[in-house]
Every structure is written in structure tokens, then in C-alpha cells.
Amino acid sequence: MGDPRLASRLKEYRTAAGLTQAELAERAGVSRKTVNTVENGVFIPSTILALSLARALGTTVETLFWLTE
Amino acid sequence: MSNTRDGSDDRPVRGRGWKFMAGFVISGLGLGLAVVGLNPGATSLAGTLSDSNAGIMTGIGIGIFVIGLMIAWKLRPGGPASRGEDEPGRRERMQAQRSMLLWLFPIITLIFLYQSTRAIPLIMAGEESLANYMSVLLPVIYAWLAASVTMGWDGNSRKNRRYLEDELTQVLRARAIVWAFLVLMAGTTIALGLGLWRLETGLIALPFALAAAGATAGLRFAWLDREAGRDDG
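Chains V and H, in that order, are what the protein sequence lines are.
In terms of my numbering, the first sequence is numbered consecutively and its last residue is 91.
In terms of my numbering, the second sequence is numbered consecutively and its last residue is 430.
These are computed hints drawn from the structure, not numbers from a lab.
Some hints could be false.
Among chain H residues calculated to face chain V with C-beta under 8 Å, some are [to be verified]:
hint, residue
1, 285
2, 288
3, 289
4, 292
5, 351
6, 363
7, 364
8, 365
9, 368
10, 425
11, 426
12, 428
Some, not all, of what chain V presents toward chain H, calculated at C-beta under 10 Å [unchecked claim]:
hint, residue
13, 43
14, 45
15, 55
16, 62
17, 66
18, 70
19, 71
20, 82
21, 88
Chain H residues, not near chain V, derived (Cβ > 12 Å throughout) [as the list claims (entries may be wrong)]:
hint, residue
22, 322
23, 371
24, 382
If you're wondering where the values come from, they're calculated on a predicted model, not measured in any experiment.
Think of the CB as a built atom: it goes at the ideal place given N, C-alpha and C, for glycine as much as any other residue.
From just these sequences and the hints, can you work out the full model?
See the structure below:
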């Protein structure tokens with residue numbers, strides 16, 4: 023499900039915003055497990071989910087996710 | 198003054214208490230049925246209950262026992278149902294319930310499979326009773342149930358889609374079904390081979406193939422769901 027080319031700062035931004043995984047999940051309208059797997063690089067979010075997470079954290083998708091190569 | 202203190206909220210709490218007790222009673226009835234089914238000789242049913250009927254009684258008893266326990270667990274004092282819960286809590290609970298069902302279905306199916314191996318030769322020998330047909334059908338029905346819950350086709354999944362469905366669920370489902378499809382292809386191929394060799398053996402193998410595919414879908418989904426909940430970060 024994951025891809026080593028995808029890097030993420032989701033956890034960094036979430037903790038900086040003072041949110042738990044469950045709180046971010048509620049804001050983005052997904053389950054805590056979804057946030058957990060995205061943070062751990064196990065699951066690659068769709069464009070819609072990436073945009074929802076970015077909006078929930080008040081940032082952009084490019085800030086949260088980028089390609090390592 | 199709170200609702201609980203002024204008594205306006207007492208009725209639902211009392212209702213939950215009764216339902217909690219009812220869960221235990223249902224569970225006890227199921228256990229009793231299963232015990233009688235396993236050992237009809239020890240009861241007044243000795244001699245009146247065929248092996249197939251006793252097996253069906255055992256299977257149904259275990260099913261009722263599990264359902265009773267689930268009701269009691271759901272409505273236990275101090276549990277989420279009595280506390281009232283927010284949306285994330287409800288989502289977690291419903292997903293955990295789905296996983297528990299998917300772990301339980303294969304166990305129940307195993308019991309029914311034992312019955313089906315005994316019923317198929319009887320049907321082929323001409324004993325075409327409803328009990329024998331039910332013995333063959335029950336593991337297949339449970340295989341369909343496991344597959345339906347995995348796919349989100351069951352009533353609960355459709356009613357609570359907002360709690361039970363998101364992107365991750367769809368990915369986990371796809372991965373689980375790929376495994377189940379492989380097991381189904383392998384199982385039916387083996388059943389075909391066995392059927393060409395000995396028709397009866399091939400027929401006996403078919404419920405096993407279907408049950409294995411259903412169980413694989415359910416167990417793989419439940420396993421992936423469990424892994425997704427583990428925080429490695």
C-alpha cells in the first residue's frame with residue numbers, strides 16, 4: 023500500500039497543531055486508522071484525502087507530502 | 198441539575214440494564230442448545246434426534262451464544278453504549294465489532310463444515326432430508342456472510358456507511374478479496390480434480406472451498422484492519 027518515494031510531514035504538522043490522530047481524523051472525516059497508516063507511510067492517500075488533511079491542518083498538500091526523488 | 202439526577206434519563210439506563218441481562222439469558226439459551234446438540238443422549242431427546250439435527254442444533258446454539266455475548270458486551274454497564282459516545286468513538290467501536298464478527302464467522306463455519314462432510318454422503322445415498330440439505334448449506338451461508346461483511350454488503354455496513362467506510366477500508370477490502378479470490382480459484386480447482394476422481398469427494402470439497410474463500414476474505418480484512426490500528430510512528 024505504501025511507496026518509498028512518498029515522504030510526509032503529516033505527523034509533524036499534526037503534533038504541532040496539538041491534535042491527536044482521532045481529532046485530525048474527525049476533522050478530515052476519516053477513521054483514526056486512516057490517519058495512522060498515512061503517517062506511518064503504509065497507505066498512500068488519494069488526492070481528495072490529501073487535500074482534506076491539508077485543509078484540516080491549515081496548510082497545503084505540497085507542504086505535507088512530497089516525492090523523495 | 199443533570200438529566201440523570203432529576204430522573205428524566207433513568208428509563209433508557211434501566212432499559213439498557215434489562216437488555217444487558219437479556220444478552221446473558223440469550224447466551225445461556227444458546228449454550229444450553231449447543232450442549233444438548235453435542236450430547237443428546239444425556240437428555241430426553243435421546244433417540245428422537247438424528248445426528249444431522251443434533252449438529253444443526255449445536256451450530257445454531259453456538260450462533261445464539263455468540264450473539265447473546267455480543268449484546269451483553271455492547272450494553273455492559275460502563276461501556277460505550279451506557280456512557281454515550283462521540284462520532285470517533287462510535288466509528289472505532291463499530292469497526293471493532295465488524296472485525297470481531299469476521300474473526301468469529303470462520304470458527305462457526307468450521308463446526309458446520311464437519312456437519313456437511315457427514316451430510317453429503319447421506320444425500321447421495323438417497324437420504325434427502327431438510328436437515329441434511331441444511332447441514333450442507335450452512336457453511337456456505339456463513340461463507341457468504343463473511344464475504345458480505347467484508348464487502349460492506351450487509352445491512353449494518355450499508356446503514357452505517359459513514360462510520361464503516363473510508364478510503365483505507367476500500368484498500369483493505371481490495372487486498373483481502375485478492376487473497377480470497379486466489380483461495381477460491383485454488384479450492385474449486387482442487388474440488389473439480391477430486392470430483393473427477395470421486396464424485397462424492399469433489400462434492401464434499403466444494404463447501405470447504407467456499408468456506409475457505411469466505412474465511413480468507415474475512416480474516417485477511419480483520420488482520421489488515423488490526424495492523425492499520427497499530428501505531429508504529
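Ascending list of hint numbers which this structure does not respect: Numbers 5, 20, 21, 23 - these are the hints that the structure violates, sorted from lowest upward.
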